[in-house]
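Protein sequences appear in the order of chains A and B.
Per our numbering: the first sequence = residues 1 to 233.
Per our numbering: the second sequence = residues 1001 to 1233.
Think of the hints as simulated: they come from the structure by calculation, not from any bench.
Mixed in with the good hints there might be a few duds.
As the list claims (entries may be wrong) - Beta-carbon label-pair distances, calculated as ranges: (1) B:G1047 x A:S112: 18 to 28 Å; (2) B:D1164 x A:M159: 19 to 29 Å; (3) A:N33 x B:G1047: 57 to 67 Å; (4) B:L1023 x A:T136: 51 to 61 Å; (5) B:I1021 x A:E182: 45 to 55 Å; (6) B:K1185 x A:R135: 41 to 51 Å; (7) B:M1159 x A:K95: 48 to 58 Å; (8) B:T1136 x A:G188: 43 to 53 Å.
For clarity, every value in this text was computed on a predicted model and none was experimentally measured.
Cβ atoms here follow ideal geometry from the backbone N, Cα and C, with glycine treated the same way.
Protein chains: 2
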Amino acid sequence: MKRIAIMGTGSVGQAYASKFITLGYEVMLGTRNVPEKRADTAKDVYGNPSFSEWSSVNKDVKLGTFQEVALFGEIILNATLGAKSIAALKMADVKNLNGKILIDVANPLDFSKGMPPSLLPELSNINSLGEEIQRTFPDVRVVKTLNTMWNGLMVNPAMLNGGDHTTFICGNSSEAKEYVKEILKSFGWPEKNILDLGDISSARGTEMYLPLWLRILGATGNGAFNIKIVSMK
Amino acid sequence: MKRIAIMGTGSVGQAYASKFITLGYEVMLGTRNVPEKRADTAKDVYGNPSFSEWSSVNKDVKLGTFQEVALFGEIILNATLGAKSIAALKMADVKNLNGKILIDVANPLDFSKGMPPSLLPELSNINSLGEEIQRTFPDVRVVKTLNTMWNGLMVNPAMLNGGDHTTFICGNSSEAKEYVKEILKSFGWPEKNILDLGDISSARGTEMYLPLWLRILGATGNGAFNIKIVSMK
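Turn these sequences into a full structure, and let the hints steer you where they fit.
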C-alpha cells in the first residue's frame, strides 16, 4: 500500500484524501497545529461539510503535523494555501521531503488587494509557486498539476463531459511526471487530456490562468467547469 | 459603410484589416511613422507575408498616421504592441477617440525578461492594458476581446472545430459590448461561445491567460488552438 502525505486540511486536501483512500492508499493529512488543536471549520458556502463532519466519515485518514505526515509519506501532495506553502513545507522539514515526489496543486493567491484575488507578485509572472518550491527544496521532485480547476473536478474528471477536458503537468523530472500521470489516470483523466507543458517554469502559465478562472467563475456563478484545448487536426 | 481605424500594421492589424474589408467596411490602418516611411517587414517565421506583399493584395486598405486614422474611424481597434499601446493612442489624440468604441485586442507582453515573454508588471495582476486604456481615455468605450488566441482564429473562428470554442468580452459599457458582439458574430463566432466576463477589470483575467497560451504553444508547436469552456449542464 502506497503512503501519501497531504499537506493542508482544507477542502482541497480533503478531496484528495477521500480519493486516495478509495484508491487504496494509506493517507495522512498534515496540519499546522498539533492535530488535537486543529480548529473545526464551519460548513462552507460551497456546501463542503465542517472538518469534524468530514473526519467522522473519513476515519481511515490519519491526521498529523506537517512533520509527522511528511516523514510518513512516500509521496507528498501540497494542498496548503499558496501564500503559506513554503513555510508549511519548511515545517515539514527538508529531510522528510528529500528524494520524494511532491505534487503541487496550490496557487499563490493574494487576498490582500481585493476580490477576486490577484497573485502574489513575488510568486508570479517571472516566478511561480511551483518554481519557488523546487528552488527551496532542490532534492525534491516537484510536479505541478491540477491547479487549474475546482477540487471536485481534479479528482473526478469524469463528472464533466465524460472526462474530456484538459489538465496540465509541469516539472523538471520526466520520471516524476510519468509517475504522477499514472495517478491522474487512476483519477479518471484520459492520457490524451494531460498536457505536459515542460519544466517547472511552465507552472507560471498554469498559475497565471487563475485570474481568468476566477473571472469565469464570477461571470457564470458555477465552479464546475474546465477548459478543453481544441486544436487543428 | 462603416469606417474602422485599425491601430498597428503588424500581422494582427493586417488580419483584421483584410477581414473588415471582406465584410464591407472602409478600413484605414494606422502606423507610427508617416505611411511613406513605414519600414517594410520581411516574410516572418509564421508564414505571414512581408508588409509590401500584403499591401499589394489589400489595396482597399488605406494607410495613415495614428492621428489620421483615428479621425477617420467611427470604431477604433487597437492592434499595436501592448507595451506601446498607450503611447500610440496618445499619438492618435484623445479628441479623435472620445465617444467612440475602442476594441482592444492587444496584450501587455514584456520581452525584456527572456522568452517566452512575461507580462509588464505595471499592466498586470492588479491592473491590465484594457483598464489602463480605459483610465487614460475615460470618454472612450473600451471593449477587450479576442486577445486570447492566434490572429488567424480571431477573425476566422470557423476554421477550428466549426467555431465551437470560446472567446471573452470585457468592458464597462453594455451597449458597446453588444455592438462588438455583433462584429464577433459577423466573424463567425457563435453567440453561445462569447462569454461576457463583466467590466473592464476582467481584462486582467484574459491578459493573464497569455503566459499559459505561450506555454501551450511552446509544448505543442502549434498556435492554431483555442480553449473551450466545458461546463456542467
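Hints versus structure:
A hinted range of 18 to 28 Å is violated for the C-beta pair B:G1047 and A:S112, which are about 46 Å apart. Range check, B:D1164 to A:M159: Cβ separation about 21 Å, and the 19 to 29 Å hint holds. Here the CB-CB span from A:N33 to B:G1047 is close to 59 Å, well matched to the stated 57 to 67 Å. Between B:L1023 and A:T136 the CB atoms are about 54 Å apart, so this pair conforms to the stated range of 51 to 61 Å.
A hinted range of 45 to 55 Å holds for the C-beta pair B:I1021 and A:E182, which are about 52 Å apart. Taking 41 to 51 Å as the suggested C-beta distance range, the pair B:K1185 and A:R135 conforms, at roughly 47 Å. The supplied range of 48 to 58 Å is met by B:M1159 and A:K95, whose beta-carbon atoms lie about 55 Å from each other. Checked against the hint of 43 to 53 Å, the C-beta distance between B:T1136 and A:G188 comes to roughly 48 Å, which is consistent with it.
Taken one by one, the earlier hints fail for this structure only at number 1.
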